[in-house]
Amino acid sequence: MKKIFLILTIYLASLNPLFALIEVDITRGNLDPLPIAVSPLYVDVKSEKNDDIKVKELGNNISEIIEKNFKSTGLFNPLKKEAFVQKPDIAHLKPRFEDWRLIKAQALVTGKLLVKDGKLKIEFRLWDLTAEKEMTALAFTTTPSNWRRVAHIISDKIYERLTGEEGYFDTRIIYVAESGAKNKRVKKLAIMDQDGANTKYLTLGNELVLTPRFNPTNQMVTYMSYFRNMPRVYLLDIETGVQDVVGNFPGMTFAPRFSPDGKKIIMSFAEDGNSDIYTMDLDTRVVERITNHSSIDTSPSFSPDGKFIVFNSDRSGLQQIYVMRSDGSDVKRITFGTGIYGTPVWSPRGDLIAFTKMRKGRFYIGVMRTDGSGERLLTENFYQEAPSWSPNGRVLVFYRETKSGKKGEGFSAKLWSIDITGYNERKLTTKTDASDPSWSSLLSK
Amino acid sequence: MILLTVLSLPFMIRQPIDLPPIVSVELIQISDKTNIPFAPKARKIIEEKKKKEERMVSEQAPPSAKAKEKPDRIPMPNEKKEKKEIIKKKQNPKEVKPEIRQSSEFEKKEIVDTNQIAALIDKAKEEEAVKQKNTNKITQSSVKNSFATGLSLSEEDALRAQIFGCWSVPLGLPYDQNLLVRIKLNLKKDGTIMKSEILDHERMNRPGQKFYKVLAESALRAVRLCQPLKVPPTGYEKWKDIQLNFNPTEMLKG
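Read top to bottom, the protein sequences are chains P and F.
For the first sequence, our numbering gives the first residue as 84, with consecutive numbering after it.
For the second sequence, our numbering gives the first residue as 919, with consecutive numbering after it.
Simulated from the structure, these hints should not be mistaken for lab results.
Warning: the hint list may mix true and false statements.
[As the list claims (entries may be wrong)] List time: in silico PhoX-like cross-link candidates among lysine-lysine, alpha-carbon distance up to 20 Å:
#, chain 1, residue 1, chain 2, residue 2
1, F, K1158, F, K1148
2, P, K216, F, K1128
3, P, K489, P, K265
4, P, K164, P, K151
5, P, K139, P, K199
6, F, K1102, F, K1148
7, P, K129, P, K139
8, F, K1131, P, K216
9, P, K216, F, K1113
Generate the whole structure from the sequences, applying the supplied hints.
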């Protein structure tokens, strides 16, 4: 009996609200970029000299690329190296956390590199300075000339560990490089790393080139080229340099894009003033008609699962955005706002569609959900269009033209990027004027 | 036809375009105890600390005995904490054991009545848990805490405002997932943290929940950055254990 009494007393005492655990809800935080310190990598004293690169400066150069990548995201705030208490010569050792917290860093990147027997070995570690713990660490071996790529891969790994999303730094952007006066524009196909480095021209500029698009699964590109004033769709294998004409249609083909598995090309094809959407199997070269309507259907883009297609059509009068199943059935109009909608592109994450909108003579780049709801206009300007997604579906790259005078003076076209939140608008560095960008998938994938 | 196709090529680039060479990746094992050595300055400081501690010890006991006990490397305070947590986890199955024991006839004979009471208590606990779940739905914690839970509204607001400032919310979070991170803290009287525990710890390592790990880590960082927490000067017993529910859903929706 005593036992029962005792247990009951303990039980009642445990239910007493005085001893209940206090709970506090935290529903807000700050959106300030995360302060991160990227220490210059320690260059091993055993490193050999290399004719192509300055080995001694490599540690510093790699850390600078990582910093630049982070800064461009708007999510991180790389701290100035002058403030660092700990010097790079001990960057390969366990950091003294107090020194880094002193400069208000929350995360730290350290590492070391060794150039030996013609190989570059790089190792990096990411530290959580408040928890005083290693968050991730990896080592890479490659040829020394490949150091920039390693810096991008390291950036991707850190970005992924700190945001939970895949990175997008080890990628390239293909675009149309433009030069010359507005009425005598020379257009060449060009490719560069996403940070603007390593620009290469893929065509000579004798013909007009338009709308290059990456294959989402490999380093293949499809684009339009006007040869003898005849627009055709071409395929270019970046690895081998081999080019190929995709079919030989009597009419005009436009806006080619790959299917998510890279096996098909979807494009619009015009005949007698009417334009419809077609796909072409790249292996069998079999062409399939997807839309059959008397209006102009153009700019098709597949959803990442390949089940749906988003496209433009003027079947309701003004040009609007429509979604249909990949066999052409179940066509639904998704935009009803005022203005004209164009260039819809399905996000690689599948959750959003990016588009260009024209209203009252101004151009907007925006995103909306795949059913057309939640339209958000991210940026507005005199003339801008052709958004292309980063492989993680977080950033859009597009091009913007500046207003020119009556004689075409002051005209320029540049690539810009913007976060899907509408923040962090940035101009990309290109050697020439640039338009029609397309973002590749991750090279290291 | 083939000839036509070839001729219609606008240019003939046959030279392969340089593709960057392959990068081989090696994984480096990360453990709680890093195997890389300390930075020299840190080592000096740690050695100084060691010496100080040894001196302290020498007043009571011969230093040589102490030196043997001490490891070469001073473990980080967090490592100790984590070890404790792991030990606790191991103990968990034991704590559940009484339920299994009920099947033992021998014990049934001896404490029949207490078993029934234990069952009653369990039932009551379940009901309490259901109640707690229901209350969790209410986002205004002030409602929860209004009944003599230890913090006044102003005290709670002060604490909340302090943590708002320390919490850098990761931006890549999905909006359609449950983003609640519950952290239980064990506090010292001055508001510094003795122990912190993520209550849904196992979710962090589940596949497809990478964002949850990032979120939980950001919440832990916020708490650590903020310490000492702004706690009331009195009533330590009431707030020495406190649970913080981090949920950025409303914020992300904008």
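A quick look at each hint next to the structure:
1. F:K1158 x F:K1148: Given pair K1158 (chain F), K1148 (chain F) holds - Cα atoms ~12 Å apart, limit 20 Å.
2. P:K216 x F:K1128: Between K216 (chain P) and K1128 (chain F) the Cα gap is close to 18 Å, so the pair holds against 20 Å.
3. P:K489 x P:K265: 11 Å, holds
4. P:K164 x P:K151: 13 Å, holds
5. P:K139 x P:K199: 13 Å, holds
6. F:K1102 x F:K1148: 16 Å, holds
7. P:K129 x P:K139: 11 Å, holds
8. F:K1131 x P:K216: 15 Å, holds
9. P:K216 x F:K1113: With Cα atoms ~16 Å apart, K216 (chain P) and K1113 (chain F) stay inside 20 Å; holds.
Hint compliance for this structure: no hint is broken.
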